[in-house]
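Undergrad: Chains as they are written, first to last, in my numbering: chain U, 1 to 227; chain V, 1 to 351.
Hints in this document: simulated from the structure, not taken from any laboratory.
Where is the CB? At the ideal position from N, CA and C, for every residue including glycine.
A few of these clues could be false.
To be verified - Some but not every residue of chain V turned toward chain U, in silico, with C-beta under 8 Å:
#1 7
#2 11
#3 14
#4 51
#5 53
#6 298
#7 304
#8 305
#9 307
#10 308
#11 326
Said to hold, decoys possible - Straight-line Cα separation of at most 20 Å, SDA-like style, residue types lysine to any residue; simulated pairs:
#12 V:228 to V:77
#13 V:2 to U:51
#14 U:161 to V:228
#15 V:308 to U:115
#16 U:143 to V:10
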Amino acid sequence: MTIIKTEKLTKVYDDNSLPVRALNKVDLEFEPGEFTAIVGPSGSGKTTFLNMIGGLDKPTEGKIIIDGTEISKLSDSKLIDFRLHNIGFVFQAYNLLPVLTAKENVSFIMLLQKTDPKKMEARAMELLKQVGLEDKVDVRPSKLSGGQQQRVAVARALASKPKFILADEPTANLDTESAFNLLDIMARLNKEENVTLIFSTHDQRVIERARRVVTLVDGAVAKDERR
Amino acid sequence: MKMLITLAWRNLWRNKKRSLITISSVLFAVLLAIIFDSLERGSYERMIDSMVKYSTGYIQIQDVLYEDEPSIDNSLLFDQEVENLLEAHAGQIDYYVPRIQNFALAATEDLTRGTFVMGIDPEFESKLNDLRDDLLEGGFLTPNDQDILLANGLAEIMGVGVGDSLVLLGQGFQGSTAAGIYRVKGIVNLRVPEMSNNTIYMSLPAAQWFYMADNRLTALIVMPSNPKHTNALARDLRAGIDQEWYAVLTWEQMLKDLLALMKFDMAGSMVMMGILYIVITFGLFGTILTMMIERQREFGMLISLGMKRSRLAIMVFLESFFLPLLLAWSTLCLCRYTNAYMSWECSWRWV
Ligand SMILES: Nc1ncnc2c1ncn2[C@@H]1O[C@H](COP(=O)(O)OP(=O)(O)O)[C@@H](O)[C@H]1O
Ligand SMILES: [Mg+2]
């Protein structure tokens, strides 16, 4: 069974005088429960790829099929809703709302999904516990370390019960210890909760944690290995 | 929705310093505007109030020609018809104040000056404007007094005090000569600057004798039982009297030039206020706009997560709504307190 499938996925940025072919005919498939790292040097198209399968940007050519839905054909507002209910996001930075506490940040996404408020509270607590932040539930992001903030972001990504979670360079702003800590949590969630995770990185230190590594070079798949 | 409100409220306080600066600068501007406006209105109201009390009264009955040509020849005979009229409306009238007034020259041994000699009924005049309480020195007029009262400004200019004498020379009724020598019985402090330098008070009989205008008045001031019903009373009086001979005027009609001037002045202030408020609005708009621009990344993140644009718009709207709302509320509080304080201050000082 395939959860994400791309066919000849191509993206050309041509808003500048010189068009940039950021992705070139990428064919990839992802199974539920996979833990994949997208690696490659800066500018190789990692962010572009994640934005495409996350429905944040539209391809120039090719298809993206998520769980049977071809998302490149959805309208903008349908796509927003699709993201809300199917995809969890962890960004490199500016992940959290600064005026909300950790718990409120996690609950926020459930509010958007119109979850029953009674269940929401318990689930937010549960998720924060899973990422090891049960003692920081009422703390605002500015009082959390970068690693802790990213863990809140992971908890929030899980909160919407998505089909998979996308994380674009989640460790880029973290020190080594926090980076390993975050990846350990992600690996554990993958193993124990069977969460499907795809993250990008150009950081050799954390690639080992992934069970599948896709290497992009100049917008094309150069290597695809499973361990 | 509750979440959106919480979010908007907290976002407002995200940059405490900026919000406080915005709020306090707007408050300061509004406060200034309001103080100036209140002062202006207050001083106008006081001016009108003293004009009405010392000069026009609420309603005057005059000879129909007097308004255009205020001479003693156009004075009014206080006859049976007038008395009947007042009698007929006794329920609406508190009391009435007779006056006869004209210009006269006042002379001491070495100084002559044009003055305004006003014959009054001391009792009713005092009832209207507390003239008796404004006595600075000497004694007040009795109903048949043959002596005179001087306004303090005039007394100073003429260099006369209580007990001194003044020669008055003027024109009486129908070309007669009005002349006499009068002793100064007292000095009054007139609160209308325009009147203080030229007014002389006489008892009504003395003035009628001086002007050779027996039983004549230049104006009969009618004090309504309820000042709010001034216009209604004036209308009733007009209906009950022959308007070919008599004119019934309200203070608004008599002071119309002054009122027009004030309105014009106020309109100028309104324009200034309008400009001030526009500046404030733009300032506020600027603050809100910076707030939004600074947070584009945050908005991008929210949309990426799956927040609908319409919801985001509601959030932003609430936020841009809270600041002015907070402002309006704090300004209102401020105004109530300043105005309460100022009117307390004023009443304490002016009464
Ligand atoms: N919005 C954009 N407009 C134009 N060019 C872009 C845009 N985003 C990315 N690119 C270009 O596309 C290529 C791939 O970029 P990106 O996907 O960000 O790579 P990575 O995330 O691997 O560093 C780069 O050459 C980059 O300059
Ligand atoms: Mg990137």
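Undergrad: Would you mind marking each hint as holding or not holding in the structure?
TA: Quick rundown of the hints versus the structure:
The interface hint given for residue 7 (chain V) holds, since its Cβ lies 7 Å from the closest Cβ of chain U, which is under the 8 Å cut-off. Because the beta carbon of residue 11 (chain V) sits about 5 Å from the nearest beta carbon in chain U, less than 8 Å, this interface hint is met. Checking residue 14 (chain V) against chain U by beta carbon gives a least distance of about 6 Å; that is within 8 Å, so the hint holds. For residue 51 (chain V), the shortest C-beta to C-beta distance to chain U is roughly 59 Å, which exceeds 8 Å, and the interface hint is violated.
Look at residue 53 (chain V): its Cβ only gets to about 60 Å from chain U, farther than 8 Å, so that hint breaks. The interface hint given for residue 298 (chain V) is met, as the beta carbon of that residue sits about 7 Å from the closest beta carbon of chain U, less than 8 Å. Proximity of residue 304 (chain V) to chain U holds as hinted, the smallest CB-CB distance being about 6 Å (cut-off 8 Å). About 6 Å separates the beta-carbon of residue 305 (chain V) from the nearest beta-carbon of chain U, less than 8 Å, and the hint is met.
Among the interface hints, the one on residue 307 (chain V) holds; its C-beta lies about 6 Å from the nearest C-beta in chain U, closer than the 8 Å criterion. Among the interface hints, the one on residue 308 (chain V) holds; its C-beta lies about 6 Å from the nearest C-beta in chain U, closer than the 8 Å criterion. Checking residue 326 (chain V) against chain U by beta carbon gives a least distance of about 16 Å; that is not within 8 Å, so the hint is violated. With a C-alpha separation of about 28 Å, the suggested pair residue 228 (chain V) and residue 77 (chain V) falls outside the 20 Å cut-off, and the hint is violated.
About 31 Å separates the Cα atoms of residue 2 (chain V) and residue 51 (chain U), which puts this hinted pair outside 20 Å; it is violated. The hinted pair formed by residue 161 (chain U) and residue 228 (chain V) fails the criterion: a straight-line CA distance of about 73 Å is larger than 20 Å. Our distance criterion of 20 Å between C-alpha atoms is met by residue 308 (chain V) and residue 115 (chain U), whose separation comes to about 16 Å. Of the supplied pair hints, the one linking residue 143 (chain U) and residue 10 (chain V) holds, its CA atoms being roughly 16 Å apart against a limit of 20 Å.
Consistency note: the structure conflicts with the earlier hints numbered 4, 5, 11, 12, 13, 14.
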